[in-house]
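Asks: Sequence:
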Amino acid sequence: MTRYQQPDDHGYYGEFGGAWIPEMLHRNVEELRSRYRDIMDDPDFQQEFRRLLRDYVGRPTPLWFAERLSQRYGCRIFLKREDLNHTGAHKINNTIGQILLARRLGKRRIIAETGAGQHGVATATVCALMGMPCIVYMGAVDIERQAPNVARMKMLGAEVRPATSGSQTLKDATNEAIRDWIAHPEDTHYIIGSVVGPHPYPDMVARFQSVISEELRVQLREQTGSETPDVLIACVGGGSNAAGAFYHYLEDASVRLIAAEAAGLGIDSGKSAATSVLGSKGIIHGSRTLLMQTPDGQIVEPHSISAGLDYPGIGPLHAHLIRTGRAEVVPITDEEAVQAGFRLTRLEGIIPALESAHALAVLEHRRFRPDDVVVVNLSGRGDKDLATYMRFLDGEKRDGVKE
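According to the numbering used here, the sequence shown holds residues 1 to 403 in order.
If you are wondering where the hints come from, they were derived from the structure by calculation, not from laboratory data. There is no bait here: all hints are sound.
In silico EDC-like links for lysine to aspartate or glutamate, alpha-carbon gap of 20 Å or less:
#, residue 1, residue 2
1, K154, E176
2, K271, E336
3, K281, D296
4, K154, E144
Based on the provided sequences and hints, a complete structural model is requested.
Replies: In structure tokens:
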């Protein structure tokens with residue numbers, strides 16, 4: 001029987017994962033690998049982690065029955081409101097956990113990478129809370145299109161360093177963060193923001209984010225009488241919000257898992273980030289996974305209107321889920337995501353992040369039965385994307401969504 005929830009002792013989910021790292025990072029990664037489970041399982045750690053999630057982050061996040069959205073699609077649609085977390089996204093679940101872990105490892109300096117800026121804000125937030133210096137690497141293109149989050153990071157006291165190589169987006173920010181970590185192995189902890197990177201990061205981040213599905217089981221039982229949905233939808237770039245939403249359902253084949261990927265301008269346009277369709281097995285940022293690459297192994301630059309999904313790979317857990325058929329993938333174009341964002345705004349009064357809008361757009365691509373319980377993980381709020389939404393406002397009026 002194929003198992004999904006945990007990697008093997010070497011960090012592999014099936015054929016994907018591992019720790020493909022330069023020698024200079026071996027000490028840091030090995031220290032983390034040998035200690036993370038003991039630290040995370042310690043009752044004192046869990047008590048502090050849970051207290052901060054409750055009293056600082058604001059968990060549990062609500063599970064909202066979206067009545068008007070349900071009427072449109074002919075099923076029972078619930079939204080897991082990660083957008084209501086402190087800092088506006090699911091990212092804070094992981095950064096709270098990792099900053100506590102870093103303190104127990106004796107680290108004094110924090111670095112991170114960010115695309116949409118939500119992970120950067122969440123990292124800067126916990127560093128301010130804990131009084132630790134913070135450097136966030138961000139692609140120069142993303143710095144421009146996510147200006148509100150850049151301002152928040154700076155206000156929180158973080159230094160935002162632009163990545164100016166390659167496509168100047170998330171991939172390049174990650175490259176710069178890894179270079180920094182290699183140069184400062186003694187005192188620095190790298191808070192990776194997704195279920196990517198060398199083992200143990202994919203497993204560690206998934207465990208911190210699993211609070212999403214942990215709460216979801218309780219909330220669904222209260223609202224529907226069953227803790228299992230029929231369909232669970234989340235967007236996937238690296239895939240941390242999806243890993244958290246899927247986590248407690250991974251071994252339950254009765255729950256249909258759907259990942260929304262960024263198709264950009266279209267699968268065959270040359271401007272896409274649909275890794276599961278366009279990618280092949282390879283190594284990126286310390287992990288063997290699916291990634292977009294040329295026949296000779298050079299990374300193909302991705303494109304998405306959503307900075308958080310603008311990444312040429314996916315986490316090894318998701319690669320395994322997709323390759324084994326446990327999860328299905330729906331590629332969503334920029335236009336479809338924007339329209340889904342407007343649709344939710346007009347029908348439910350909730351402005352989603354463009355990343356989350358990709359997950360919402362799946363509702364246009366699949367048909368459901370009237371008694372189906374469909375959960376969409378609303379991973380973040382749309383404040384940071386308002387300028388992008390506004391550029392599409394006239395086009396949105398043709399969608400037929402009425403106020």
